[in-house]
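Novice: Start from chain L and add chain G according to the hints.
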Amino acid sequence: MRDRLDRRQFIGLAAAGAASGLVLPACHGPTPATTTRPPSPTPLDAFGVTEATVRQVMDRALQGGGEYCDLYFQRIRTNVLGLEDHAVNKGHSTQDLGVGVRVVRGLETGYAFTETVERASMLEAAGVAAAVASGARSATTPRALTVGRLPAHYPVKRPWSEVSTGAKVKLLMGLHDRVGAQDRRIKKVNIFYRDEDSQVLVVDSDGRVAFDRQPMVVTYVSCLAEVDGRRESNYYALAARDDIGYLTDERLAHAARQAAGRTLVLFDAVPGPVGELPVVLAPGGSGILLHEAIGHGMEADFARKKITIYSDRIGKRIAPEFVTIVDDGTNSHMRGSINVDDEGNDPQKTVLVERGILRTFLHDRISARHFKVRPTGSGRRQSFRHMPIPRMRNTYMLAGPHSPEEIIRSVKRGIYAEHFTNGQVLIGAGDFTFYVKNGRLIEDGKLGRPIKDVNIIGNGPRVLEQVAMVGTDPRLDEGGWTCGKRGQQVPVGLGLPTVKVGAITVGGTSKG
Amino acid sequence: MNSELQKIAELACDRARSRGAKQAAARVARTRDYKVAVRDGKMEELKSSETRGLSIRIFVDGRYGQHKTSELERRALLRFVGDATEMTRVLMPDTHRALPEPALYRERPTLDLQLHDPKQGAVTMAERKRLALQAHDAAREAAGGRVISVGAGYTDRVSESVLVQTNGFADGRASTTFSLWADVSVNDARQGKRPSDWAETRARFRGALGSPQQVGQEAARRALAQIGADAIPSCTLPLVVENRAVGRLLGGLLAPLSGWALDQKRSCFDGKLGQAVASERLSVVDDPLLPRGWGSRRYDGEGITARRMPLIERGVLGKYYIDSYYARKLKRAPTTGGSSNLVFLEGEGELQELCAAAGKAILITHFIGGNSNSTTGDFSHGIGGFLLEGGKRVRPLGSMNVAGNHLRFWNELVRIGGDPYPHASHRTPSLLFRPTLVAGK
Numbered sequence: 001m002r003d004r005l006d007r008r009q010f011i012g013l014a015a016a017g018a019a020s021g022l023v024l025p026a027c028h029g030p031t032p033a034t035t036t037r038p039p040s041p042t043p044l045d046a047f048g049v050t051e052a053t054v055r056q057v058m059d060r061a062l063q064g065g066g067e068y069c070d071l072y073f074q075r076i077r078t079n080v081l082g083l084e085d086h087a088v089n090k091g092h093s094t095q096d097l098g099v100g101v102r103v104v105r106g107l108e109t110g111y112a113f114t115e116t117v118e119r120a121s122m123l124e125a126a127g128v129a130a131a132v133a134s135g136a137r138s139a140t141t142p143r144a145l146t147v148g149r150l151p152a153h154y155p156v157k158r159p160w161s162e163v164s165t166g167a168k169v170k171l172l173m174g175l176h177d178r179v180g181a182q183d184r185r186i187k188k189v190n191i192f193y194r195d196e197d198s199q200v201l202v203v204d205s206d207g208r209v210a211f212d213r214q215p216m217v218v219t220y221v222s223c224l225a226e227v228d229g230r231r232e233s234n235y236y237a238l239a240a241r242d243d244i245g246y247l248t249d250e251r252l253a254h255a256a257r258q259a260a261g262r263t264l265v266l267f268d269a270v271p272g273p274v275g276e277l278p279v280v281l282a283p284g285g286s287g288i289l290l291h292e293a294i295g296h297g298m299e300a301d302f303a304r305k306k307i308t309i310y311s312d313r314i315g316k317r318i319a320p321e322f323v324t325i326v327d328d329g330t331n332s333h334m335r336g337s338i339n340v341d342d343e344g345n346d347p348q349k350t351v352l353v354e355r356g357i358l359r360t361f362l363h364d365r366i367s368a369r370h371f372k373v374r375p376t377g378s379g380r381r382q383s384f385r386h387m388p389i390p391r392m393r394n395t396y397m398l399a400g401p402h403s404p405e406e407i408i409r410s411v412k413r414g415i416y417a418e419h420f421t422n423g424q425v426l427i428g429a430g431d432f433t434f435y436v437k438n439g440r441l442i443e444d445g446k447l448g449r450p451i452k453d454v455n456i457i458g459n460g461p462r463v464l465e466q467v468a469m470v471g472t473d474p475r476l477d478e479g480g481w482t483c484g485k486r487g488q489q490v491p492v493g494l495g496l497p498t499v500k501v502g503a504i505t506v507g508g509t510s511k512g
Numbered sequence: 513m514n515s516e517l518q519k520i521a522e523l524a525c526d527r528a529r530s531r532g533a534k535q536a537a538a539r540v541a542r543t544r545d546y547k548v549a550v551r552d553g554k555m556e557e558l559k560s561s562e563t564r565g566l567s568i569r570i571f572v573d574g575r576y577g578q579h580k581t582s583e584l585e586r587r588a589l590l591r592f593v594g595d596a597t598e599m600t601r602v603l604m605p606d607t608h609r610a611l612p613e614p615a616l617y618r619e620r621p622t623l624d625l626q627l628h629d630p631k632q633g634a635v636t637m638a639e640r641k642r643l644a645l646q647a648h649d650a651a652r653e654a655a656g657g658r659v660i661s662v663g664a665g666y667t668d669r670v671s672e673s674v675l676v677q678t679n680g681f682a683d684g685r686a687s688t689t690f691s692l693w694a695d696v697s698v699n700d701a702r703q704g705k706r707p708s709d710w711a712e713t714r715a716r717f718r719g720a721l722g723s724p725q726q727v728g729q730e731a732a733r734r735a736l737a738q739i740g741a742d743a744i745p746s747c748t749l750p751l752v753v754e755n756r757a758v759g760r761l762l763g764g765l766l767a768p769l770s771g772w773a774l775d776q777k778r779s780c781f782d783g784k785l786g787q788a789v790a791s792e793r794l795s796v797v798d799d800p801l802l803p804r805g806w807g808s809r810r811y812d813g814e815g816i817t818a819r820r821m822p823l824i825e826r827g828v829l830g831k832y833y834i835d836s837y838y839a840r841k842l843k844r845a846p847t848t849g850g851s852s853n854l855v856f857l858e859g860e861g862e863l864q865e866l867c868a869a870a871g872k873a874i875l876i877t878h879f880i881g882g883n884s885n886s887t888t889g890d891f892s893h894g895i896g897g898f899l900l901e902g903g904k905r906v907r908p909l910g911s912m913n914v915a916g917n918h919l920r921f922w923n924e925l926v927r928i929g930g931d932p933y934p935h936a937s938h939r940t941p942s943l944l945f946r947p948t949l950v951a952g953k
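Respectively, the protein sequence lines represent chains L and G.
Just so you know, we're using the working numbering here: the first sequence kicks off at 1 and counts up by one.
Just so you know, we're using the working numbering here: the second sequence kicks off at 513 and counts up by one.
Hints were generated in silico from the structure; no laboratory data involved.
The beta carbon of each residue, even a glycine, is placed where N, CA and C say it ideally should be.
Among the hints, a few may not be true.
Just the calculated beta-carbon pair ranges, DEER-fashion [what the hints assert, rightly or not]: (1) G:813 / L:270: 37 to 47 Å; (2) L:510 / G:801: 39 to 49 Å; (3) L:502 / G:740: 18 to 28 Å; (4) G:656 / L:257: 56 to 66 Å; (5) L:106 / G:614: 51 to 61 Å; (6) G:777 / L:253: 22 to 32 Å.
Taking lysine-lysine and the DSS-like style, the derived pairs with C-alpha atoms no more than 30 Å apart in a straight line are [as the list claims (entries may be wrong)]: (7) G:843 / G:872; (8) L:188 / G:843; (9) G:547 / L:306; (10) L:188 / G:784; (11) L:372 / G:554; (12) L:412 / L:437.
Okay, chain L solo, but in the shape it has when bound:
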């Protein structure tokens, strides 16, 4: 079952700058002339390890003939609060510490991890990972360590460790009261809240050292409403790489209105239509279309194995001129943003589709070497227990030439898809789906009655060709999207302007 799930790609809710002046002394090989003793503290101190230990571990990792190795140290602290029946009455905390050792030779990867940062355990893990390369002893010697200077896409004023549980409880009770006050038909409010502080340190045999502190906060508020014995439920999610300053009064008030509004409208819903229809995607969370229709297919591990439907389409037109799609790790405080990827590379803004032409895959180190291109900063992993693979960050479409009103007006009979829960793709066949939680019928160019719980299915390249109009209103979504691939979950972001797709299969229950 686990391996079966690993093969699915799905989504659901739930510039490491140039080397800086801080240089660590080298123990092996010629000492660069510029080497000076580092000022304390160094990034290694954050995990209580010395450079000598790190070098010993890397030496051990490369002893079997590996070409490259990296160590990924991580310390995670997570706090979860749950609100049910008018009280924040569930609390969970998690602490986790460990280091992953990866050894690469060609396209082969050896991986092992240990749940301590003790020298003996790290050496043992290095020995296990080294076994992937069982050839002649390699000439690779780890280079002198140099600390990279990272950008600051999510500066933190107050780390989560300094915020008391009591303060969070108060905040969530305030949100609860606001949702309940929206409408008398709301009978139950549930809140799931999670904050996380992850410290990561990447050290590799090319001598790179990168330390990052990655915050995250997710607040998921759902409600249940009842009318004459009928029940409906829905939710709203707020998520960001940020501190408690993100949960402003205004943002929480918006979340309360959205959670209630998205639930109450469901009582007026009519059965969704069946068959191929024009679909207008509302701005924001509709970016799930890009994530599934093209994003996964552009991850270069699939391209390297030639198993994605986009394998041989680089440089070719796949969408109209007004379609430009990016995958971006640099958006301020967004859920998929990173200051450095999980193998020490600069997380750039990568243009996947430029004016309708397919430009580049999303690369990690292995695929970049295979294709002889620079990594795009897309090497990501769930935790130190996993090896990095190419992943999306924040995937969105840039603004187009059409006004949103004009787009809706152009549809005689179709649907308007507003809010989504999840999606999935088969990267070889290209079939993908996304589940519409809230939408509306479009009748004679106007938004009509609400619809709900309708899955939409299409084929990636065919749907991109069918993108007929792109709005002037790009919007990034603030939902807590989590992407699953090969058994690893990572946080991602999404965005889209209003977009019209000429025809796509709508999976409702009404033939009318």
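Specialist: Positioned in the frame of chain L, the structure of chain G alone reads:
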């Protein structure tokens, strides 16, 4: 029971108690995982790891928290449990939180469920690689000239855990899992697609694992069969759902049966106990005591003694999944918090026989995405498979969708296969449903 793990669990519980907790439950687990993956004849991934962790549930001052750590060294652990107890204290009270009544721990079965192969440690990396390569080679040969890429892998795992609860429960278990899989991508040049599919074999005992050749051949056969898959116009036809795909549908039926869903009014099956919710052909038993089962257990996550439980009998809903907390809130007797093995009774015939009985129909071999609303029962899922005529596969299908409502859909069940899927805890057989509207072109 592993005494080393038991000592850690006891230490954590004692610490919570000494910090004022009225009750505590600690679970300590250790797992070793091995994985070898090959692709296109070469080694792709080799992984070996051991993970240990503690999860502790703390009941203090009428408050409840659940906390996890992988840092089990004595000093770190004591500090963690102390902090966790303090964090729990500042939450809001919940009078329904407590460990289960000790009476629920009684009569725990002592039988050997045969979940642990003591010979797991003898498997070598060379053997893992050899088996993965055999599955790979068989797949490549069977896929022939259409093949684009073949991946195969072997994993095995050994897990041990102990559960200690301060009101008189202490027990442990150990299990092993062996699995071998292959996935194959082939060229559908006419459509510019690269369809892929997979096959697997899993076993609790190394010697019971299926043949690598069969796994490889099945993956190749399935991938090749999808060449040319496309949608047909929307239509209303009987549905045959292949055994290994049924899990996605079944998940939507099970979610509303939980205590949480009932208590939070998010269950479309609220008030349906003792009523017909499905065709009278449907009888499903939750059976935790099956030897070698993927969901087998002598006690559940709260220590409640595992018992065979008829879930649906001739279409009538017999039980909900209710843990001790929601039992108190709902004022019902607890059953168990989640499913173990699900066994479908009185099935008959292989997939091919169901197809033959269906005549002109749609055979669903996989679902793609979609979701199910547990509050209302509405569901909608993408599908792939085949159009059947006279029970024969006449063309492959993709990019289609099926939608319905669980309150009605299971009444449309007309036949249950005798081919339970052996590699999952929910041993789903192939199913045949009456004509259903399917969305296409």
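Novice: Does 56 to 66 Å hold as the CB distance between residue 656 (chain G) and residue 257 (chain L), or does it fail?
Specialist: Given range 56 to 66 Å: holds, Cβ gap about 59 Å.
Novice: Holds or violated: residue 372 (chain L) and residue 554 (chain G), Cα atoms, limit 30 Å.
Specialist: The given pair, whose Cα atoms are some 20 Å apart, holds under the 30 Å limit.
Novice: Within 30 Å, alpha carbon to alpha carbon, are residue 547 (chain G) and residue 306 (chain L)?
Specialist: 23 Å, holds
Novice: Holds or violated: are the alpha carbons of residue 412 (chain L) and residue 437 (chain L) at most 30 Å from each other?
Specialist: It holds: about 22 Å lies between the C-alpha atoms, which stays within 30 Å.
Novice: Between the beta carbons of residue 502 (chain L) and residue 740 (chain G), is the distance compatible with 18 to 28 Å?
Specialist: Hint holds: Cβ distance 24 Å, inside 18 to 28 Å.
Novice: Confirm or reject the claim that residue 106 (chain L) and residue 614 (chain G) have a C-beta distance inside 51 to 61 Å.
Specialist: 58 Å, holds
Novice: Residue 843 (chain G) and residue 872 (chain G) were given as a pair; does the straight-line alpha-carbon distance stay at or below 30 Å?
Specialist: The given pair, whose Cα atoms are some 49 Å apart, is violated under the 30 Å limit.
Novice: Do the beta carbons of residue 777 (chain G) and residue 253 (chain L) sit within 22 to 32 Å of each other?
Specialist: Roughly 25 Å apart at Cβ, these two residues keep to the hinted range, so it holds.
Novice: Run the distance test for residue 188 (chain L) versus residue 784 (chain G): straight-line Cα separation, threshold 30 Å.
Specialist: With Cα atoms ~21 Å apart, residue 188 (chain L) and residue 784 (chain G) stay inside 30 Å; holds.
Novice: Given the proposed pairing of residue 188 (chain L) with residue 843 (chain G), does the C-alpha separation stay at or below 30 Å?
Specialist: Holds, at roughly 19 Å.
Novice: Would you say the C-beta atoms of residue 510 (chain L) and residue 801 (chain G) sit inside 39 to 49 Å of each other?
Specialist: 45 Å, holds
Novice: Within 37 to 47 Å: is that where the Cβ-Cβ distance between residue 813 (chain G) and residue 270 (chain L) falls?
Specialist: Roughly 42 Å apart at Cβ, these two residues keep to the hinted range, so it holds.
Violated hint for the displayed structure: number 7, the only one.
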